[in-house]
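Residues per chain are reported as follows:
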Amino acid sequence: MQNNLIYRIPVLGRLSESNLSLFAGLLAALLTTGFAIWFLKAENEYVIGFLLALAVAVTLGVSRLGGLGYVGRAFSDHEKLMNGAAVCGVLALAAVFREDHFTLLMIAIVLLYMLAGLGLTIQFGYLGLVNLSGASFLGVGAYTSAVLLAHTAVPPLLVLVIGGVMSALVGCLLVLPVLRTKGHYSAVVTIAFAILFMSFLQVNDTLGGPQGLATGEMALFGWGFNTGIELENGFYGSFYLNYLLLALALLVIAFALVKRLERSWIGLSMDAVRLDETAAACYGLSIARWKVVGFTLGNFLIGMAGALYAMMLGFIAPANFSFGDSLILVSIVLLGGIGNPWGLAVAAAIVVILPEKLQMIQEYRFLLFAGLVVLVLLFRPDGLLPRGMRNYIPGGGARS
Amino acid sequence: MSASDVLLSCEGVTRRFGGLVALDHLDLEVKRGDILGFLGPNGSGKTTFFNVLTGIYDFSDGQAHFAGENISKHSAQAVYRAGIARTFQRSRMCLSLSLFDNIMVGNHKHLNLGLGFNLFRRGAFARDLEQRYEQARDLVRAFSPNLADRMSEAVGGFPMLDRRRIEICRALISQPKLLLLDEPSAGMTHEETHQLMGDILSVREHTPELSIIIIEHEMSVMERITDHCAVLNFGKKICEGTYQDVVNNPQVREAYLGIE
Ligand SMILES: Nc1ncnc2c1ncn2[C@@H]1O[C@H](COP(=O)(O)OP(=O)(O)OP(=O)(O)O)[C@@H](O)[C@H]1O
Ligand SMILES: [Mg+2]
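Keeping their order, the protein sequence lines are chains A and B. To convert, take the position in the first sequence, counting from 1, and add 915; that gives the numbering used here. To convert, take the position in the second sequence, counting from 1, and add 70; that gives the numbering used here.
Read the hints as simulated data drawn from the structure, not as lab findings. Honestly, I wouldn't trust all of these hints.
[Claimed, not checked] Covered stretches of chain B, as calculated for chain A (at least 3 residues, CB under 8 Å):
id	segment
1	142-150
2	157-167
3	175-187
4	193-204
[To be verified] Quick list of in silico lysine to aspartate or glutamate cross-link-like pairs, EDC-like style, CA-CA up to 20 Å:
id	chain 1	residue 1	chain 2	residue 2
5	A	Lys1174	B	Asp198
6	A	Lys1174	B	Glu200
7	B	Lys179	A	Glu1192
8	B	Lys179	A	Asp1191
Heads up, the beta-carbon is just placed ideally off N, CA and C, and yes, glycines get one too.
Could you build all of it, start to finish, from the sequences and the hints given here?
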């Protein structure tokens, strides 16, 4: 480490390892935010292409110089600060694009996909249960919220929770046949469910059939989310800003809880079940219990994301929850780094924003993602940001 | 010998795989604090006995009583909770997890697995962690001081000898009454085997109540550490007694020579 290039830069050379990593981490957060603003503002396809090339080149260059190691260390040694920096980055984006409906919507979708991705991380990353109907569970949450808001007076915040619970309940039923088998049988069961759910939506007239149905808005303390924010000093914020901020809040809470889950005896038990069921059973772990718990928790997060997604879009149809969308969700987890929540951020941003920005690849996006996943799995089999060793107490060092 | 001295008693334990009788009416007793050597040619049913006893396979027939409890219908989880821990012939560790994590998997019955405790009472969790970490490290240190300094490294990076040690620590951390070792020396050199057996003997010195059943092909190992031995052939027990009795038994000689 000491003969690293970075150490030859005079000022940096005098910093301690820990401060250096913090500096690198904050610098990276700042640059990433700046880059994101530039990228989201760009409209010309050539500029976008240039920015992409720049991002890849800088990442590879910094990685060559050993700089990425410092960024990684910043996230492990100064976790709270780095989490805060990431949230500030999103808030900065929200502030810059406060009037831009489309960009805000896109960022909010990234956040909701990350929330759903956290659910898949528990299921697939920790327990090893492949869930190929992630979008269907988003749909369960979404339709639950549409129906509840239209026909009942349940407060919308509670509707989010009920959306999660519904999705968790359906998941409970679905995981039962999976419990009797080993291996990737859950893939088969969830594909079957995705098809079933889609056909159900298509023929069910009360749920709007293939045309779908309109959904009510989110409201907090009697204040409806579908109105933009206008202040006396001339500040104007699109109504999507409301949804973005709420999605961010939910994501922060879920992120913290999933991290804690991983850093606990529960996370350890889930890992043990994934890695060797027979050995786990011989050490008293109830395989069925952990699979049910993990699948349920994961589905709760996915369903909640779906419920908010529906309120934000204002209108949902079966096409929003297709098998292709499920694959997109899985590819986010694979690309990002199985079991690493930070990986989701990178991957969700790539998967959601890229095709919107590069309209010409819209039609080929499945092809492109398939290619990207294959490439990443070939050259970085653990994803872009692989999961590290378990560190029970963040920043605690020795007791890792 | 009083009945309470007997920790494990098996009567007519049988396991069939289709037409194959892998374990044929096995009777066996293990006393508290005993080290029993389990011998037999390849395919004679030794591992199958462990698998049946620990609930991985059902009993086709017969019964086993452990510490006064009938365990023949127990699931693998219940057998572990009753106080039997084991290692596997083909070492089964979570290679991508740390040494500490692997050992804690073995301590599952003592861990608080409540959602509230793990997610929200993080202060209490940190204290619990601290205490269990010290306990695990003390156990590991008894095997190898060097390993105790590498608690947070992935098990996949350790050589076979260390993995076997870690696997035995995983079995011991929950303080079982009976330890089942399935060919712990498989894949190791003579010197490494010698070291590992030394470790096992010293564990026994510290916990004289612990009973061990060990499967081994290495005869010198059996001579060194067992109190008595049982020999299987085609699923049947053909001989039982001290090591000397067993190696001098004509049936045993025939069983081994007949195979080799
Ligand atoms: N799951 C199974 N299904 C069918 N047959 C099995 C199964 N497990 C073991 N057997 C058979 O039971 C017999 C006993 O096998 P076992 O593994 O218990 O032998 P072993 O004494 O441990 O041999 P080794 O010294 O090679 O480990 C063998 O013939 C084996 O093929
Ligand atoms: Mg065997």
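These are the hints, each one checked on the structure:
no. : hint                    : result
1   : 142-150                 : holds (count 5)
2   : 157-167                 : holds (count 7)
3   : 175-187                 : holds (count 8)
4   : 193-204                 : holds (count 5)
5   : A:Lys1174 with B:Asp198 : 18 Å, holds
6   : A:Lys1174 with B:Glu200 : 19 Å, holds
7   : B:Lys179 with A:Glu1192 : 16 Å, holds
8   : B:Lys179 with A:Asp1191 : 17 Å, holds
Violated hints for the displayed structure: none, as all numbered hints are satisfied.
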